[in-house]
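Using the sequences and the hints given, assemble the complete structure.
Chains as they are written, first to last, in the working numbering: chain A, 1 to 340; chain B, 1001 to 1318; chain C, 2001 to 2397.
If you're looking for bench data, these hints aren't it; they were derived computationally from the structure. There could be a bad hint or two in this list.
Claimed, not checked - In silico DSS-like pairs for lysine-lysine, Cα to Cα no more than 27 Å straight-line:
#: 1; chain 1: C; residue 1: K2279; chain 2: B; residue 2: K1076
#: 2; chain 1: A; residue 1: K80; chain 2: C; residue 2: K2155
#: 3; chain 1: C; residue 1: K2311; chain 2: C; residue 2: K2279
#: 4; chain 1: C; residue 1: K2185; chain 2: B; residue 2: K1133
#: 5; chain 1: C; residue 1: K2151; chain 2: C; residue 2: K2185
#: 6; chain 1: C; residue 1: K2279; chain 2: A; residue 2: K80
#: 7; chain 1: C; residue 1: K2358; chain 2: C; residue 2: K2078
#: 8; chain 1: B; residue 1: K1133; chain 2: C; residue 2: K2155
#: 9; chain 1: B; residue 1: K1133; chain 2: C; residue 2: K2279
#: 10; chain 1: C; residue 1: K2316; chain 2: B; residue 2: K1133
#: 11; chain 1: C; residue 1: K2266; chain 2: C; residue 2: K2176
#: 12; chain 1: C; residue 1: K2314; chain 2: A; residue 2: K80
#: 13; chain 1: C; residue 1: K2314; chain 2: B; residue 2: K1133
Said to hold, decoys possible - Rough simulated footprint, nothing fancy, chain C against chain B, three-plus residues with beta-carbon under 8 Å:
#: 14; stretch: 1136–1147
#: 15; stretch: 1154–1163
#: 16; stretch: 1243–1257
Said to hold, decoys possible - Label-pair restraints from in silico Cβ distances:
#: 17; chain 1: C; residue 1: K2266; chain 2: B; residue 2: W1063; range: 14 to 22 Å
#: 18; chain 1: B; residue 1: Y1186; chain 2: C; residue 2: R2186; range: 35 to 43 Å
#: 19; chain 1: A; residue 1: L303; chain 2: B; residue 2: T1192; range: 28 to 36 Å
#: 20; chain 1: C; residue 1: P2397; chain 2: A; residue 2: P19; range: 51 to 59 Å
#: 21; chain 1: A; residue 1: E285; chain 2: C; residue 2: P2348; range: 28 to 36 Å
#: 22; chain 1: C; residue 1: K2386; chain 2: B; residue 2: L1056; range: 27 to 35 Å
#: 23; chain 1: C; residue 1: K2084; chain 2: A; residue 2: P19; range: 46 to 54 Å
#: 24; chain 1: A; residue 1: L296; chain 2: B; residue 2: K1133; range: 18 to 26 Å
#: 25; chain 1: A; residue 1: G87; chain 2: C; residue 2: P2348; range: 26 to 34 Å
#: 26; chain 1: C; residue 1: E2300; chain 2: A; residue 2: L303; range: 38 to 46 Å
#: 27; chain 1: B; residue 1: V1075; chain 2: C; residue 2: E2210; range: 49 to 57 Å
#: 28; chain 1: A; residue 1: I101; chain 2: C; residue 2: S2378; range: 49 to 57 Å
#: 29; chain 1: C; residue 1: P2397; chain 2: A; residue 2: L303; range: 33 to 41 Å
Glycine included, every Cβ here is placed at the ideal spot set by N, Cα and C.
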Amino acid sequence: MVLLRQLLRSFLPFLVGLPLLFGFQAALQAAGSQAYTLLLTTVGVNIILAVSLNVVNGATGQFSLGHAGFMAVGAYTAAKITLALAGIKLSFLPEVLSDQIFFALALAAAMAMAGLAGVLVGLPSLRLRGDYLAIVTLGFGEIIRSVIENMPSLGQATGLSGLPLRTNLVWVGVSALATVVMARRLSVSTQGRALFAIREDEVAAEAMGVDTTGYKVRAFVISAAYAGLAGALISHAILLATPRMFTFVRSIEVVVMIVLGGLGSITGSVISAVLLTLGLEALREFQAYRMVVYALLLIVLMLLRPQGIFGTHELWDLKLFKKRGAAKAAPGGAGAGGAP
Amino acid sequence: MTEFLQHLVNGLSVGTIYALVALGYTMVYGVLKLINFAHGDVYMVGAFAGYYLSDLVGVRPPWSDPPPGAGETFVKATIVTMGSMIICGLLGYLIERFAYRPLRHRARLTSLITAIGVSFLLEFGFQLSPLMKSPIEFPPGPSPRVFPALLERSGYEVLGVNLSNYDVIGLAVAIGLMLGLQWIVYRTRFGTAMRAVSFDPQVAGLMGIPVNRIISWTFVLGSALAAAAGIINAVSRPRIEPLFGLMAGLKAFVAAVLGGIGSVPGAMVGGLVLGLAEEYVAGYTDSSYRDAIAFTVLILVLLVRPAGLFGRLTVEKV
Amino acid sequence: MRLSRALALTTLTLLAAACEKKAVEAPKGAAAPAAAAATPAGDTILIGHVGSLTGAEASFGVSTENGIRLAIEDINAKGGIKGKKVAAKTYDDQGKPEEAAVAATRLITQDKVTVLLGEVASSRSLAMAPIADANQVPQISPTSTNPRVTKDGDKTRPYVFRVCFIDPFQGTVMAKFARENLKLKRVAILRDVGSDYSVGLADYFKKKFEELGGTIVNDQSFKAGDQDFKAQLTTIKGKSPEMIYVPGYYTDVALVARQARELGIKVPLGGGDGWDSAKLYEIAQGALDGSYFSNHYTDENPDPLIQGFVKRYKEKFGATPDSMAALGYDAAHVAFDAMARAPDLSGPAVAAAIAATKGFPGVGGTITIDADHNAVKSAVVLRIEKNKARYLATVEP
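Here it is in structure tokens:
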């Protein structure tokens, strides 16, 4: 019974979400609205990026500026796989389904490779603190991009084009949902407690027996894997993977999102990702000032409200959700404890 | 052999610029324990300030007719350099006063994020199309501008190696500034106050040191040095554009870390060593990874000897 | 544990065995194609431009935008197209391909432009191309030179065109010139590794030059925006080439030339149309004398069309036009000309009219669109003397 309830907690969002997403996508396709599809895809991808970066920057308190590099690893891995399998299908399934299965495979591989990159980057970097970690992760992001630009098999500066269209709202929705559920499950777990402890006071955590390096690397790997997923999704939406898509300005944009939403708040990341993406689209007339506005936003936020919109609070910490029965007592307690 | 020596000269020339910018980084970090991400962009502003000043002062290129005399060149060059240093010093003061000081008591992460914000503000702000056309076209917009030749270039060939007076003057100025800075830090009251603040700002304040003022002056000094670096670089490599400070800033940071962050001679040595490393690796192996070299050096230093060449390893007390 | 592992393994093997090749299918677009753009109501024709107005390549995007604006001014002064005035809507893609895709989608689906202009860089044009095709809106790229922009695999994209050379042509032009006219045997290459234009030109130059019996003695790279090239140049000097091929943009090439001279390298440099800008000479100050580059046109050409363009551009923007401005101007005019010839302003009709462009007098040369939707133009090779480009030879495609 307990097992069933636990499984349900993790999978309920998907059980509810999947049919909704399918319906939504069908509706959009019937309306023929391409612009909205691409916009919503971008919103979804930004949600994945923001929430995954929050796992490292917010929950663990380690400032990473190399998120775009992991996006790139994921994007290129998935692209190579889908390009290689583009002409093949499984004989016993309709083509559409077999394409989707191969895409799922590509996504899984993207996450795995990005996670591996996370290990390679994390192990040396995570011994460093604060500012140094930021610059080193930035450096790694640039190194990854440098390597991609120099490899003819990855298309060098032109990148890989002609990717088959595989991303649709269902995939993006499911991935975003998965990321949020992952972050939530992590924050209420033992591992999550360890991460919060590291964020609050690393020396004390170490003294308490928490394997700080190990946990930091693990958080990094998870974050990198989901960044890879985001990269793979966006590449298969615009059918292109080039090094220019993954510069450190991209990393900074994600940082702005989580800083605005509140470092450590999953709800904050989701909401600010949605707000910023939609807001910038709405303000396209003033696009020349986009980066200047971002910069001012960062400065003003830090001066006036450094904890961002949500601080470390979550939507589900509201009293409204806490009343729901004893079954939620454990996550309720963890929720209260996880939001210092 | 000639090739090796030529690489040596090139490396020192590039390293001089890194060293000068690293001096500013190291000073600010020593006092505030903050990586001033915007420092590279102050360097860029210095170059542009020099560009605009040259326009206003009426610098004439060496090939114009009649050619400017030595006196005129020297006077105008000095005005441009000094002017640019003053402007950047002011900019540094403003940045510190309004973006960093309010956050001094908060988490370091907040200041880092603000620094990134200031850096982007300068870069992308300068990339906007000109809002005013006279007396100067400001902001300069994304197209690169040609920096005027403040001094005529004379090339020499020594043992088959080509160098120019720019390289020699640049290095001399850098060493001079470094020695001057060392003197300030270790032989004046201001310097002692700086060191006190960097050691423990709270106690320094209790001892009667005007901490805010010291920190502001440190910023001013560091920014002025960045401006000098900007002018020296722009004279020998006369293309300037709003985004060119970013890489220089990051590499200067690596140089500062390499030399031991907080140490003035360290910044100098770190800058030169980084310049040489970049030059030799790019020259003898695949040059397409040139930017990556700086980051690799950073990672190696932080893993092998985090205190850098001249720094002291600090123990974190709980 | 054992069972689940065995199960997983079996499933994978079965899947692998079940794979078979797909039947060749019709190309898939970016999304379900919307209805072909109907003739816009009202008396303004709207065209869209996607360019980098901010970011590292902003100077190119701004130049192209200026060229397009001038073209619109010109055509409206002549009364517009079919009595309607032309207006343009420009979106900034910040140098990012995914932004280019979003901008293109928005221009097509929300602003309902008749023609899409863009982009300067091949990677961003590639992001826009599937969207243009899927929505049946013609796209003309002013300066994207990678062959893949107009070709999807082996098929030509029905709605994507360009008014510039493609890399294979331009790279070959300089290679042939260096080998046959200048009779050079040893050339070094210095390419911008971050630019697909530069890499494309360098690769095709290398291929043709070696095909013609020459040797590439050294192949070095730099990144756009680098300030110091002496490391690469010193190594190149050590290999004693007779020419250095630097197919980059004028922003970098000028500095490369200066530093090459400072190092005592006396051999000429070679390049492509990315050199074309007044700033090149401003920065280089004589360092490029004796060097050669291939281009679309020469402003020595007394043709009143070109001189008029240069003069009007200077008046309006206070600067001499570079090749991006000239090609932006041409792309816009080709679009206008096609729209005037087309029976109506629907996507397929305009696209057909563009494809039929023959002998169109552009500032960047006479433009004929071939079956691959590329511009067939002759290239000129220019030699720089006393800080000015002098016409040397014309090379036919």
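### Query
Hey, K2314(C) versus K1133(B), does the alpha-carbon distance stay inside 27 Å?
OK: K2314(C) and K1133(B) at ~16 Å, within 27 Å.
### Task
Given the hint of 26 to 34 Å, check if G87(A) and P2348(C) actually sit that far apart at their C-beta atoms.
holds (29 Å)
### Message
Given a hint of 46 to 54 Å, does the C-beta separation of K2084(C) and P19(A) actually sit inside it?
### Response
holds (48 Å)
### Query
Holds or violated: the stretch 1243–1257 of chain B covered by chain C, criterion of 3 or more residues with Cβ-Cβ distance under 8 Å?
holds (count 4)
### Task
Indicate whether the distance between the beta carbons of L303(A) and T1192(B) respects the range 28 to 36 Å.
At 32 Å between Cβs, range holds.
### Query
For the pair supplied as a hint, K2358(C) and K2078(C), is the alpha-carbon distance within the 27 Å limit?
Measuring from Cα to Cα gives roughly 21 Å; hence the hint holds.
### Task
Mind checking the hinted window 27 to 35 Å against the Cβ distance between K2386(C) and L1056(B)?
Hint holds: Cβ distance 30 Å, inside 27 to 35 Å.
### Task
Decide if the proposed pair is consistent with the structure: K1133(B) and K2155(C), CA atoms, cutoff 27 Å inclusive.
violated (49 Å)
### Message
Verify the CB-CB distance for I101(A) and S2378(C) against the hinted window 49 to 57 Å.
### Response
holds (51 Å)
#### Entry: Straight-line alpha-carbon gap K1133(B) to K2279(C), limit 27 Å
holds (20 Å)
### Message
Range first: 28 to 36 Å. Now tell me if the beta carbons of E285(A) and P2348(C) are that far apart.
### Response
holds (31 Å)
### Message
Checking one constraint from the list: CA of K2279(C) to CA of K80(A), max 27 Å. Satisfied?
### Response
Violated - the C-alpha atoms of K80(A) and K2279(C) are around 41 Å apart, more than 27 Å.
In the structure shown, a violation is registered for the earlier hints numbered 4, 5, 6, 8, 12, 18, 26 and 29, in ascending order.
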